[in-house]
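2 protein chains.
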Amino acid sequence: MKNFVYNTPTKVVFGKGVEEEVGRLVREFGGHKVLLHYGGGSVERSGLLGRIRKALEKEGVSRVELGGVVPNPRLSLIREGIELGRREGVDFVLAVGGGSVIDSSKAIGYGLADGGDVWDFYERKRKASTCAPIGAVLTIAAAGSEMSSSCVITNEEGWIKRGYTSELSRPRFAVMNPELTLTLPAYQTASGCVDILMHTMERYFYHSGGMELTDGIAEALLRTVMKNALVLRDDPACYEARAEVMWASSLSHNGLTGCGTDGGDWASHKMEHELSGLFDVAHGAGLSAIWGSWARYVYRNAPARFARFAQKVMGVSGGGTHEEMAEKGIEAMENFFRAIHMPTSLAELGVHPTEAQIRDMAEKCIRGVGGPVGVVRPLEVEDIMEIYKKAQ
Amino acid sequence: MKNFVYNTPTKVVFGKGVEEEVGRLVREFGGHKVLLHYGGGSVERSGLLGRIRKALEKEGVSRVELGGVVPNPRLSLIREGIELGRREGVDFVLAVGGGSVIDSSKAIGYGLADGGDVWDFYERKRKASTCAPIGAVLTIAAAGSEMSSSCVITNEEGWIKRGYTSELSRPRFAVMNPELTLTLPAYQTASGCVDILMHTMERYFYHSGGMELTDGIAEALLRTVMKNALVLRDDPACYEARAEVMWASSLSHNGLTGCGTDGGDWASHKMEHELSGLFDVAHGAGLSAIWGSWARYVYRNAPARFARFAQKVMGVSGGGTHEEMAEKGIEAMENFFRAIHMPTSLAELGVHPTEAQIRDMAEKCIRGVGGPVGVVRPLEVEDIMEIYKKAQ
Chain A
803 MKNFVYNTPT
813 KVVFGKGVEE
823 EVGRLVREFG
833 GHKVLLHYGG
843 GSVERSGLLG
853 RIRKALEKEG
863 VSRVELGGVV
873 PNPRLSLIRE
883 GIELGRREGV
893 DFVLAVGGGS
903 VIDSSKAIGY
913 GLADGGDVWD
923 FYERKRKAST
933 CAPIGAVLTI
943 AAAGSEMSSS
953 CVITNEEGWI
963 KRGYTSELSR
973 PRFAVMNPEL
983 TLTLPAYQTA
993 SGCVDILMHT
1003 MERYFYHSGG
1013 MELTDGIAEA
1023 LLRTVMKNAL
1033 VLRDDPACYE
1043 ARAEVMWASS
1053 LSHNGLTGCG
1063 TDGGDWASHK
1073 MEHELSGLFD
1083 VAHGAGLSAI
1093 WGSWARYVYR
1103 NAPARFARFA
1113 QKVMGVSGGG
1123 THEEMAEKGI
1133 EAMENFFRAI
1143 HMPTSLAELG
1153 VHPTEAQIRD
1163 MAEKCIRGVG
1173 GPVGVVRPLE
1183 VEDIMEIYKK
1193 AQ
Chain B
803 MKNFVYNTPT
813 KVVFGKGVEE
823 EVGRLVREFG
833 GHKVLLHYGG
843 GSVERSGLLG
853 RIRKALEKEG
863 VSRVELGGVV
873 PNPRLSLIRE
883 GIELGRREGV
893 DFVLAVGGGS
903 VIDSSKAIGY
913 GLADGGDVWD
923 FYERKRKAST
933 CAPIGAVLTI
943 AAAGSEMSSS
953 CVITNEEGWI
963 KRGYTSELSR
973 PRFAVMNPEL
983 TLTLPAYQTA
993 SGCVDILMHT
1003 MERYFYHSGG
1013 MELTDGIAEA
1023 LLRTVMKNAL
1033 VLRDDPACYE
1043 ARAEVMWASS
1053 LSHNGLTGCG
1063 TDGGDWASHK
1073 MEHELSGLFD
1083 VAHGAGLSAI
1093 WGSWARYVYR
1103 NAPARFARFA
1113 QKVMGVSGGG
1123 THEEMAEKGI
1133 EAMENFFRAI
1143 HMPTSLAELG
1153 VHPTEAQIRD
1163 MAEKCIRGVG
1173 GPVGVVRPLE
1183 VEDIMEIYKK
1193 AQ
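Those protein sequence lines, which keep their order, are chains A and B. Residues 803 to 1194, numbered by our numbering, are exactly what the first sequence covers, in order. Residues 803 to 1194, numbered by our numbering, are exactly what the second sequence covers, in order.
If we strip away everything but chain A, and leave its shape as in the complex, we get (with noise of 0.2 Å):
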């Protein structure tokens, strides 16, 4: 077991109509003026908009406004929303959206209470030493960014994707309520239950250390997370399923079932970065394009964990050695990807590099790190576009 820190500051309103309580909470954690910032036009015709601006009005809060984030939150409208902040006073950044939302408003947060360059953090030039507060109301489960210390933003100079984690980020409260997600599209609901999935899964690949309350909390998740995902899959209006997966979305990337480990493999997920980097693709898609190709590549350097996932998660009865537990655990998380119709190949994905494309991405990886990439079993560059491969 390896000591650890568990900080998990975010205090969180959850359930039927919570988002009438964003103006109150914003005053509780001493906001008076938000910028309140948001994506496309969706929050605006669902009367989401709508009703927080009524809800921030009630407790005097005032506000200027920024939409526009996409997938992949760019630096422009981050800067933008820097400068639109200083010049309005604004004392609150109040993110209304999912990952990419949230993952803006930390930025600006950090560009508002800082006097220099915000894309100096994402470059490790300099350390934040102070951050705007930050509130979410979520309406999409999937990437966590409601409870967690990260975020990834992308500068459209070079594109380039860069992720920045400082406890200084976390937002100071979370306001989620299911029903805003109850007409995502299916593909998205999908694609988010992979991510959130994956997170835990990510953490739970670990090479040392290690906790049995941590491992049993992370089986828990995941077996809640597979189940509802499947209940959405035929029933997307379900709130209950919907409730689940997106209290899961928050206790995956918390911390919580990384406690007492290494830290956990996150391969995966570096793959994943280059991919999305290059190809438009939605990330627990391209995560779960990737998981089985990782998963077969690296097994035999820790049979018995897979052993453990296959019998804990999966459902997998004993018998067999470890090495063929481990097997059919990861055609069995594979098997539920396509349950949920979700990419086991890049083809699937829609996605076909080139050679030059996947030595390109796997070498990104490798500098992403400055190393090997992974705890299960290291990869260097030749490994990596061997896992790609095999994903094609």
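In case anyone wonders, no lab produced these hints; they're calculated from the structure. Virtual Cβ for every residue (Gly too), placed ideally from N, Cα, C. It cannot be assumed that every hint is accurate.
[To be verified] One side only, chain B facing chain A, incomplete, derived with CB under 10 Å:
{"no.": "1", "residue": "Pro811"}
{"no.": "2", "residue": "Lys818"}
{"no.": "3", "residue": "Gly1062"}
{"no.": "4", "residue": "Gly1065"}
[To be verified] Computed list of chain A residues with no C-beta within reach of chain B, every gap over 10 Å:
{"no.": "5", "residue": "Asn874"}
{"no.": "6", "residue": "Gly1079"}
{"no.": "7", "residue": "Arg1102"}
{"no.": "8", "residue": "Gln1113"}
Please arrange chain B on chain A, whose structure you already have, making use of the hints.
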């Protein structure tokens, strides 16, 4: 499923040697002068207090000290702490101990930040609007006060035991080194394990609402604590088992295992509070002495729930009616209590209440709640008396 608020701002620093970080943590949360609050001489003799003094000095944090906290912490010492803290200009309360010391520290925190009489809050005369910041160095895994919003203290004038709950008192940080619990007496270790189990079991036996994810996490926690309580019975010096139990103590009572439910039953806790108010018994031991009697009295109101408990937590194999499964599950839990040398009756607890005492305790239970006790089967005075009697 019910709406819920999940608020766990306590920063947990967990593992070997983490008490060395206490000075840095006090500074991080704005403290300059602490009231170092503790119980008996064991923390002095073990060298823990010495290490903490050094860690504080290293960071330039000054201090005053107040020891002498006893189980069921006393109002008189709390008043002394408030007076001392005010006189000395203390801006942070640092608890070094178990639940009693942390609860005493919370009460001092309320008193320090407030001008009036601290007992007012426990008498429900006023609501606290502020509390001095608290930090905890945990030495006993049991009460979960290190991440909870509640505290229970005893007023020696009339020996009135009262609790007060407010988000204001959640510790800013909790320093948890499982090594500090390696030398606890076996009885205290086992009693702590029962307390941890019961904090989740009280929530697990709810009447309405509920989430699969919460159930799954609760079940994983209960199985982990039982398994490691048996390990510690045979090998008290096992660090890994101490760590599992310590982390479970926090997660069991920080709200996680109750998300989406109606809050749970809590009748066993209320009956035990009256018991330990009248007789001097360890809280966990009092709970194990009562629980089976409570469970047998109420399970017919929730047979499916008790059957699930039997199967998922106690490992009772399927077959038979819900009622039959429920009975087997209750018996299995009592057998577990016996296996870790915890009492399953009042006689084994060494307590022999008279009819008048039983009535008195039952009436106090009702008065404390202002109506029937518990949600699985709301209990009136006669019901509670029957449960006490069947526990004899």
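- Message: So Asn874 (chain A) supposedly isn't at the interface. Is its beta-carbon more than 10 Å from every beta-carbon in chain B?
- Response: 29 Å, holds
- Is the Cβ of Gln1113 (chain A) farther than 10 Å from every Cβ of chain B? 15 Å, holds
- Is it the case that Arg1102 (chain A) keeps its Cβ farther than 10 Å from each residue Cβ in chain B? Nearest chain B Cβ is 26 Å from Arg1102 (chain A), so the label holds.
- Can Gly1062 (chain B) be said to touch chain A, with a Cβ gap under 10 Å? 7 Å, holds
- Message: Hint validation: Lys818 (chain B) versus chain A, beta carbon distance must be below 10 Å. Holds or violated?
- Response: 6 Å, holds
- Task: Report holds if the minimum CB distance from Gly1079 (chain A) to chain B is greater than 10 Å, and violated otherwise.
- Result: 32 Å, holds
- Message: Restraint: Pro811 (chain B) near chain A, CB-CB cut 10 Å. Satisfied or not?
- Response: At 4 Å from the nearest chain A Cβ, Pro811 (chain B) passes the 10 Å test, so the hint holds.
- Does Gly1065 (chain B) pass the interface check with chain A, least Cβ-Cβ distance below 10 Å? Result: violated, 14 Å to nearest chain A Cβ.
Checked against the numbered hints above, the structure violates only hint 4.
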